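Line order of the protein sequences matches chains A and B.
Residue 367 in my numbering sits at position 363 of the first sequence; the count goes up by one each step and never skips.
Residue 100 in my numbering sits at position 96 of the second sequence; the count goes up by one each step and never skips.
Hints should not be assumed to be uniformly reliable.
Claimed, not checked - Which residues of chain A face chain B? A partial, calculated answer using Cβ under 10 angstroms: (1) 198; (2) 209; (3) 314; (4) 318; (5) 351; (6) 358; (7) 404; (8) 435; (9) 450.
Quick caveat, the hints were computed from the structure, so don't treat them as lab data.
Remember, it's a predicted structure, so these values are computed and weren't measured experimentally.
Even glycine gets a Cβ: it sits at the ideal position worked out from N, Cα and C.
Here's the letter readout for the chains.
There are 2 protein chains.
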Amino acid sequence: MDSTVTTTAGTAPIEGLAAALPDGVVVTDEATSDAYRTDSASFCPAGTPLGVARPTSTEQVQTVLRWAAAHRVPVVPQGARTGLSGGANAVDGALLLSMLRMNRILAIDEVDQVAIVEPGVINADLSRAVADVGLFYPPDPSSWELSTIGGNLATNAGGLCCVKYGVTADFVRGLEVVLADGELVRVGRRTAKGVAGYDLTRLMVGSEGTLGVITQATLALRPAPEPALTMAAVFDKAADAMTAVARIMASGMRPSMMEFLDNASIRAVQAYRDMGLPVEAEALLITQSDRGPLAAADVAAMGLICQEQGAADVAVAEDAAESAMLTEARRLVNPAVEKLGATLVDDVAVPRARLVDLLTGLERISAETGMRIVCPGHIGDGNMHPTVVFDRGDDAAAARAQQAFDAIMKLALELGGTITGEHGVGLLKRTWLRKELGETSYALQRGIKDVFDPLGILNPGKVL
Amino acid sequence: MDSTVTTTAGTAPIEGLAAALPDGVVVTDEATSDAYRTDSASFCPAGTPLGVARPTSTEQVQTVLRWAAAHRVPVVPQGARTGLSGGANAVDGALLLSMLRMNRILAIDEVDQVAIVEPGVINADLSRAVADVGLFYPPDPSSWELSTIGGNLATNAGGLCCVKYGVTADFVRGLEVVLADGELVRVGRRTAKGVAGYDLTRLMVGSEGTLGVITQATLALRPAPEPALTMAAVFDKAADAMTAVARIMASGMRPSMMEFLDNASIRAVQAYRDMGLPVEAEALLITQSDRGPLAAADVAAMGLICQEQGAADVAVAEDAAESAMLTEARRLVNPAVEKLGATLVDDVAVPRARLVDLLTGLERISAETGMRIVCPGHIGDGNMHPTVVFDRGDDAAAARAQQAFDAIMKLALELGGTITGEHGVGLLKRTWLRKELGETSYALQRGIKDVFDPLGILNPGKVL
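Take the sequences, apply the hints, and build the full model.
Set out below in structure tokens:
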């Protein structure tokens with residue numbers, strides 16, 4: 005926990021807060037608190053909270069923060085707790101602030117192509133609501149059926165579409181935020197452009213609940229794209245797949261998906277379900293085009309590039325049903341890998357030109373630590389998820405897995421990359437953040453934290 | 005000037021700085037200082053500087069800032085001084101820091117599609133250099149043949165392409181920045197994605213030299229688009245043009261340009277050069293598509309939408325030459341309006357749904373102040389440039405022009421918009437920034453300024 009926090013576990017008059025809010029907003033029974041204690045990260049500690057607040061309005065959030073500031077109680081904002089870095093885990097003596105009940109879509113404006121939403125809206129619910137009027141909210145983290153817009157904003161979530169459409173931050177126009185002292189502030193704007201003052205909106209996005217609590221967001225939408233068509237290519241040599249990626253990305257076709265499975269991922273999926281995948285292949289590349297009348301020509305051209313780069317097998321879908329079949333292997337990676345054992349999912353991003361070096365490095369780390377490393381990823385962005393797999397309940401293996409996990413982050417930094425492309429820092433990568441930023445940048449970030457949260461009560465011990 | 009700055013005009017030992025740097029870096033003669041005193045804003049005051057530093061390396065910038073911090077000398081970073089808000093104007097006793105000589109393109113990486121540049125590179129030089137290898141740097145402010153990447157970054161410059169491609173900030177991956185105390189920091193990254201810590205990159209972009217001096221930028225590039233085709237439509241009623249805009253923007257065609265000329269703009273251009281423009285028309289809409297094989301169908305479909313919405317005349321270009329003819333009217337607005345007299349160029353942005361209200365409001369303001377207001381703009385983004393025109397040398401008219409200028413910003417805020425879509429705050433809109441932000445947001449911004457520049461020496465009196 006952050007050293008500036010005076011923990012008041014057990015002594016804070018949470019009954020006073022409960023009384024100041026409608027019945028059921030504040031819950032302190034142990035079962036409920038326990039249910040909200042952790043997000044979906046492996047191997048991250050979680051403390052014992054005072055209780056859970058589940059507000060239904062901005063005013064209630066303000067009441068919570070005013071109380072927390074007055075009593076120096078740490079507050080841990082939470083969405084659907086699907087995060088993979090421990091950013092939503094409880095700290096001792098904290099009030100957990102679940103935003104799940106603020107889940108209204110307040111407006112979808114078709115002329116300005118913006119949606120105004122509360123933070124508890126599920127990503128998929130928003131995506132479907134805007135699709136109903138011919139619009140498109142691109143950010144699509146794998147958790148999109150479960151995770152909230154607020155959580156997506158707090159972590160600047162990525163997804164499969166980023167290679168063409170960008171990340172969550174690229175679709176945020178403005179935010180309503182409750183600050184650490186309970187004050188309400190609006191940052192950003194509703195318009196497409198605006199340069200009035202410093203960009204506090206982007207500062208808030210990705211800050212993992214350490215700078216304020218997002219209570220409303222104005223999100224940019226786009227016209228809905230045409231259904232995507234898919235190309236899948238099998239490569240004996242991963243390096244050839246990388247060359248194909250570089251050529252496709254340079255082509256102007258703007259793939260709307262560009263996913264990679266390494267040999268270990270292919271094996272895991274084939275073991276999970278017999279899809280006839282080539283278990284000797286070093287790489288499976290799956291790409292899409294959603295350029296409407298150009299999509300068929302695009303996936304054909306992508307396939308040709310893969311063949312020219314030595315692909316052993318290329319399949320091109322001619323319709324949505326075939327496309328779904330070809331993307332099935334990617335969709336199955338997560339459940340397939342979870343079947344293999346306990347996992348530590350990394351989230352590095354490296355320049356595309358260094359992807360081959362990343363794979364070579366992972367082989368070395370695997371050999372040195374004796375750990376199995378499975379590496380699927382959003383290859384078009386250089387954002388890979390090397391996943392260390394080990395036996396559940398084997399403490400020695402868990403320790404070596406942590407070594408491998410750390411070595412992967414070190415490797416990413418050496419390759420000019422980042423320790424986290426889309427999952428965030430949370431608890432999991434807090435010590436590594438400082439290595440990536442350097443002391444000067446870290447000090448600036450701490451200074452910003454102090455401006456927004458001088459008492460250090462907002463999600464202490466996370467990120468910085 | 006900011007109250008925290010102790011001005012040391014005339015007493016700072018600038019000779020010591022000059023001696024610490026190579027010959028010619030620091031220039032103190034009055035003629036040179038005078039030449040660098042102002043940017044391109046109208047009616048903004050400029051102080052008397054100590055001199056001009058024109059460094060050629062990051063180390064020299066560090067030397068300048070260390071000296072400035074030691075002697076509490078204000079520093080005003082400058083690019084090509086094409087800005088329209090006075091952000092680069094001298095303040096009394098300041099050292100002007102011209103970045104024009106740091107003008108090297110350090111790398112263009114075709115695999116990662118990034119360019120690494122010094123801040124003094126002219127936008128057009130970068131755009132042409134990347135085009136030579138089939139890549140595209142979209143940000144295209146009107147000043148692109150003159151303005152620098154550093155200036156574009158400092159103001160988060162927009163342009164004509166934003167409606168499809170976004171603004172300068174959307175193409176910035178990472179920055180090297182010299183802080184107010186001379187320390188060097190790198191923010192951001194080279195990779196496409198990254199969420200390690202707070203987004204200091206976006207904080208720096210648009211901060212108008214008040215948080216640090218950008219000495220290097222890593223910029224995202226895209227594959228070059230196909231040449232654009234153009235559609236132009238004349239409307240008797242501006243409201244019909246707005247409806248057409250909304251329909252085109254909702255169509256999924258993604259116009260790569262969407263420009264608007266109001267009646268006064270049309271008249272100004274026609275008076276400047278006889279292009280056969282319809283001087284009774286309330287609106288001329290000019291749009292482009294650069295979707296390659298789809299472009300011809302796109303501009304035809306845009307033309308059809310305009311006809312359906314009551315356009316009196318529609319012209320669709322079949323090739324680049326015809327497209328150039330159709331865009332000529334837009335290109336001539338600036339010189340044509342300058343011929344009319346002295347100008348105060350505003351830069352508001354409003355939700356697209358409020359554009360008709362903006363035009364109605366401008367008519368009211370024009371009537372109330374007796375000022376001519378010409379209103380061209382980037383209508384697809386709702387970013388308009390209402391320009392108050394008045395007689396040069398008429399002080400009473402200048403005062404009324406300022407009233408009209410202020411009334412336009414007030415109107416934009418009432419319509420849910422912003423006082424500045426792309427030009428920045430500088431000196432010109434400083435008092436209005438606080439009205440747009442509100443006191444809480446303003447206080448956060450001041451807090452951030454203090455973290456980065458505790459002595460208040462970086463471009464004091466600008467923005468905040």
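Hint check results:
no. : hint : result
1   : 198  : holds (4 angstroms)
2   : 209  : holds (7 angstroms)
3   : 314  : violated (18 angstroms)
4   : 318  : violated (22 angstroms)
5   : 351  : holds (9 angstroms)
6   : 358  : holds (9 angstroms)
7   : 404  : violated (25 angstroms)
8   : 435  : violated (12 angstroms)
9   : 450  : holds (9 angstroms)
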